[in-house]
Structure formats: C-alpha cells, structure tokens
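Participant: For reference, the chains in residue letters:
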Amino acid sequence: MNNKLIFLNGIPLLGLALLSPGVLAADWVERTDISGFYSARYSQSNEKAYFHGDRETGVNENGSFQGTKLGLTISSQVTDDLSVAMLLMSSGDHEDFSTHVDWAFASFRLSDEFTLRAGKIKFPVGLVNEYVDVGATYPWISAPILLYSEETAGPQATREAYTGSSLLWEGDVGDWSLGGDLFFGQVDLEGMSVKGTLGVTARANWDDTIEFQASAYEGEMNTDPSGSLAMMNGKVHAAKLIGVKLDWYNIVAYAEAAKVEMDVTMMGAKTGDSDSWYVTLGYRIGQFLPHITRQDWKRGNGNNQQISTLGVAYSLTDAVVLKAEQSLIEMDDFASQTGLFDVSPADGSVNMTSIAVDIIF
Amino acid sequence: MLNLTIDRIIKQLLLLGFCGFILFVSGQEQVLADVVVIAHKSLGVDSISAKEAKKVWLGKTKSLGDTSLKLADLPLGNKSRDHFYSKVVKKSAKKLKAYWAKIVFSGKGIPPKSFGSDAAVVSWVASTPGAVGYVGRGATDDSVKVLMISQ
Numbered sequence: 008m009n010n011k012l013i014f015l016n017g018i019p020l021l022g023l024a025l026l027s028p029g030v031l032a033a034d035w036v037e038r039t040d041i042s043g044f045y046s047a048r049y050s051q052s053n054e055k056a057y058f059h060g061d062r063e064t065g066v067n068e069n070g071s072f073q074g075t076k077l078g079l080t081i082s083s084q085v086t087d088d089l090s091v092a093m094l095l096m097s098s099g100d101h102e103d104f105s106t107h108v109d110w111a112f113a114s115f116r117l118s119d120e121f122t123l124r125a126g127k128i129k130f131p132v133g134l135v136n137e138y139v140d141v142g143a144t145y146p147w148i149s150a151p152i153l154l155y156s157e158e159t160a161g162p163q164a165t166r167e168a169y170t171g172s173s174l175l176w177e178g179d180v181g182d183w184s185l186g187g188d189l190f191f192g193q194v195d196l197e198g199m200s201v202k203g204t205l206g207v208t209a210r211a212n213w214d215d216t217i218e219f220q221a222s223a224y225e226g227e228m229n230t231d232p233s234g235s236l237a238m239m240n241g242k243v244h245a246a247k248l249i250g251v252k253l254d255w256y257n258i259v260a261y262a263e264a265a266k267v268e269m270d271v272t273m274m275g276a277k278t279g280d281s282d283s284w285y286v287t288l289g290y291r292i293g294q295f296l297p298h299i300t301r302q303d304w305k306r307g308n309g310n311n312q313q314i315s316t317l318g319v320a321y322s323l324t325d326a327v328v329l330k331a332e333q334s335l336i337e338m339d340d341f342a343s344q345t346g347l348f349d350v351s352p353a354d355g356s357v358n359m360t361s362i363a364v365d366i367i368f
Numbered sequence: 238m239l240n241l242t243i244d245r246i247i248k249q250l251l252l253l254g255f256c257g258f259i260l261f262v263s264g265q266e267q268v269l270a271d272v273v274v275i276a277h278k279s280l281g282v283d284s285i286s287a288k289e290a291k292k293v294w295l296g297k298t299k300s301l302g303d304t305s306l307k308l309a310d311l312p313l314g315n316k317s318r319d320h321f322y323s324k325v326v327k328k329s330a331k332k333l334k335a336y337w338a339k340i341v342f343s344g345k346g347i348p349p350k351s352f353g354s355d356a357a358v359v360s361w362v363a364s365t366p367g368a369v370g371y372v373g374r375g376a377t378d379d380s381v382k383v384l385m386i387s388q
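Protein chains in written order, with this note's numbering: chain A, 8 to 368; chain B, 238 to 388.
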C-alpha cells in the first residue's frame, strides 16, 4: 500500500520535475522583453586630421563607419517589485565590434512613486543621454557632440554610465509628469575614473510635448599619479546642465547648456573648465524632419569650437529612420588648438557629410 | 401594369434590404469600435477613468487596489488598439513607439505584453491575477471584470 502510494505520488512529482524547466522557461519568456536597435553610420570630412577619435575610431577625409552599432536590451520582471535589465552592445567604438555589456542593473519598486536601482546604470544627465545610442529616438545622426562627447579631451559634461545606485521618483501634478533621480557611484573612463560621483537630475514633462531637465553632479578624479594626466588626480570634477525639448504639432526643438568645472590650472588657465551649448530647430513635413543645429564649446583656456549642421530625417516606418547631415566644424585658432580633432586641422573650417539608418525592433 | 407593379415592389424591397444591410453593418461597426477595459475578477477595483487607464498603459501607474498590474496589448492595425490609443491614451502610433523606445532602451520599464486577438486578451486576463487589458466591446464575456467603456 505504501509502495503504491509512493509510486502514485511519484508520478506527479516526476512530471513536475520534468516539466519544471519548460514551465520556468515559459514563465521567464512571459516576464521578459527583448528589444533591439541598429544604427549604420558613415561620415566623411575634407580634412586629414581625425575628428572625435583617433586613426581607429575618428572621422577624416577617408571616411568612417564610426557610430555603427547593434544593441539588445533584455528586461525581465523577476517579481512584482523586482526587475533586472541589461544592454548588450556591439559597436565599432569598442574593440572592433566586440560585444560588451553597456549597462546592467536591478530595480526594486518601493512604491508607484519610488524605485531603487543598483548596478551599472546609464548616466541620467542630458536630455537624451539615457538612450543616446539609440539614434531612432532623436532627429540627429549623433547627439550634439560638443555637449555629449565623452572623449577625455572633450567637454565631459555627460558620462556613459556609472556603477552605483540611484533613487528614482516619479509623480504627477495635473497634466505634468515630474521625476527626480538621486544617484551615487563611480564613473569608469579610459585610463581613469571619477570616484564618489554624487548627482541629482530633475525632470518635468507635459504630455511628451515639452520637457525640462536640470542636473548637477560632482566627483573626484582618479588618475595615475605618475601618468600624463597626473595633474587631474584628486581634483573635483563638477558639472551643471539644463535643457528643454519641445515636440509641438510639427515643431521639434532642443536646447541644452552645460557648465563643467575642474580645478586644474595649466599655464595660468583653467583648462578643465568648459561651457557648451546647442540649439536645434526642426519642422516636420509629412515623414520628413529637416532640422538645423548650432553647437558651441568654449574651454577655460580660451580654446573653442563650433559646429553648424543642416540635416534631414526621413521616417520610412515608425521603426526605421533614414538620415543625412552636412556639418561645418569651425575653430578660431586652428593652428594652436585641436578641439575634438586628434591634431590641429589644416584649416579653421572643416566640412563633414554623414548618412545613417536607424532601426528599432 | 401588373408586371410594372411587381417590378416596383421588388425594387423597393431590394432598396429596403440594401438600406437595412447598410444600417446593420454600420451598427456592427459601431459595436466593434467601442472598447472596454477589462481586468481579472480578483482585482480590488471596479472602475477606472480614461485618465487612469492612460497612466496604466503608459506604465506610470503600476498597481491598482494594492495589486501589481500585468498589462495586455493588441497588435498594430487592430481596430480596438487604434480606438484605445487614439481615444483613451491619446497618442499616435509613432509617438507611442518613441515613448516606449526611450523607456525600454534606458532599462526603465517593459512595454505591455502583446496578444494576437481580442479573444486571446480575454482568455489571458481571465486566467491571470492582476491582469488588465482592453478589447472590442463585443469580445468580452463574464470571465472578466469590465472597468471602463470607451465609445
């Protein structure tokens, strides 16, 4: 009798054991979303010096596919309140299209308004920085580079990601959606890091028509004390950004400004300080979005660079956008400065043509 | 004379039938165009406003009546979906795609789970505690709770 009971009880147990991986897999699929994006870009200038990168990653007269990338976001709802998300990305900017984890973090929902996050998180500073790799989410081929560049020699107003934690708040007042993000962690850069980065971002959005954002953060630079960037070691890097985005009927506009301060003085000038801003105006005509952008970057040592861009984005479908841009990169004193070029260009005005296709799936 | 009268009667009947058919079809379309927001019967809320429904399907409201929500969606091109997003959520397909792209690609949320038909949504909502969905008015049945009707 007992044997029979054990046998009978064993059938469903065995069945459960055999079925459970499949059941678990099916359950995981139900709770998981996989979304992707792909951007193919080609740029060519009329200058030998490489822009925004070196021989491997920059753009010059020989042309470059810099910025071409494929990304997959995997988000899974582990429990009602706990979720994990990661972005796998393969791009030409990272070791010749090798795949890397761009960010990965866990989110714990404390209430409808508050969420706690921990892990490697996209830096929440800049209107489009949290999805800056996804070209289909904005009108340009690349987010305005004189504010969004993360190059060591660039403005360093925004960062790619930080490892740490954040407390998100989301609420509503009337038709306005409000949000806040208090974050703390370490930013890892090429050959250096920014330790103890503490910052806050506040957002206000009215029905995706107009959005305001303001951010402030600071951290301590950590560089090799015996290396070429030793003068930055231990210095405080601080930045403040404000931005506004408008998407009203057929009018699309973006404007952002950033002020970066770092207590580094070379030859009597604060070389680590910089001010950068850009303004974009666009007007939708059917599926076409022609736009014009003016960018400006001034460093503490007086060096400066400006970029004027005329572009058009054509929405082939809701998920496929074709883009073309013509840019004029200007520098006042091109003989003695580099801006975002790797070396001083031969002329103070450089033309650059870019085309791209952005897809989300 | 008799033939002419019969001919006229037949024509009038055909005309009447055609008008009736048109009225029937347009009536059917009206019923199909109405959308109802449905929920699992255990949900501790009996009705929601269009404004609350909008916040739910944009991922801003994540729970109702102390129950965490699981959202059902319908595919692009579905008439109930077109009605729901234009009349209740008030976002075009293009703006909705852009909205979710920003959330998904920053890891801040997961879009509603998409089902192939109204019947599939009703079946899933009926069997999943915390589930909410929207379907054409004629597609719902007693297995789920109706929270809102959009006409």
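No lab work stands behind these hints, which were simulated from the structure alone. Check each hint, because a few of them may be wrong.
[Said to hold, decoys possible] Selected chain B positions facing chain A (in silico; Cβ < 7 Å):
1) Leu-301
2) Leu-308
3) Asn-315
4) Lys-316
5) Ala-330
6) Lys-331
7) Lys-339
8) Phe-342
9) Ser-343
10) Gly-344
11) Pro-349
12) Arg-374
Since we're looking at a predicted model, the values are computed, not measured. Don't be surprised by glycine CBs; every beta carbon is placed ideally from N, CA and C.
Participant: Would you mind marking each hint as holding or not holding in the structure?
Facilitator: For each hint, the structure was consulted:
1. This hint is violated: Leu-301/B has a C-beta 10 Å from the nearest C-beta of chain A, more than the 7 Å allowed.
2. Look at Leu-308/B: its Cβ only gets to about 11 Å from chain A, farther than 7 Å, so that hint breaks.
3. The interface hint given for Asn-315/B is violated, since its Cβ lies 15 Å from the closest Cβ of chain A, which is over the 7 Å cut-off.
4. Taken as an interface hint, Lys-316/B does not check out: its beta carbon lies about 18 Å from the nearest beta carbon of chain A, beyond 7 Å.
5. Interface hint at Ala-330/B: satisfied, since its Cβ lies 6 Å from the closest Cβ of chain A, which is below the 7 Å cut-off.
6. Nearest Cβ of chain A to the Cβ of Lys-331/B: about 5 Å, under the 7 Å cut. The hint holds.
7. A distance limit of 7 Å between C-beta atoms decides the matter here; for Lys-339/B the minimum to chain A is near 5 Å, and the interface restraint holds.
8. Nearest Cβ of chain A to the Cβ of Phe-342/B: about 4 Å, under the 7 Å cut. The hint holds.
9. The beta carbon of Ser-343/B comes within 4 Å of a beta carbon in chain A, closer than 7 Å, and the hint placing it at the interface holds.
10. Annotation: Gly-344/B was flagged as interfacial toward chain A, and the flag holds, the nearest CB pair being 3 Å apart, inside 7 Å.
11. Interface hint status for Pro-349/B: violated, as the beta-carbon distance to the closest one in chain A is roughly 10 Å, over 7 Å.
12. Interface restraint check: Arg-374/B against chain A, minimum CB-CB distance 27 Å, threshold 7 Å, status violated.
In this structure, the hints that do not hold are numbers 1, 2, 3, 4, 11 and 12, in rising order.
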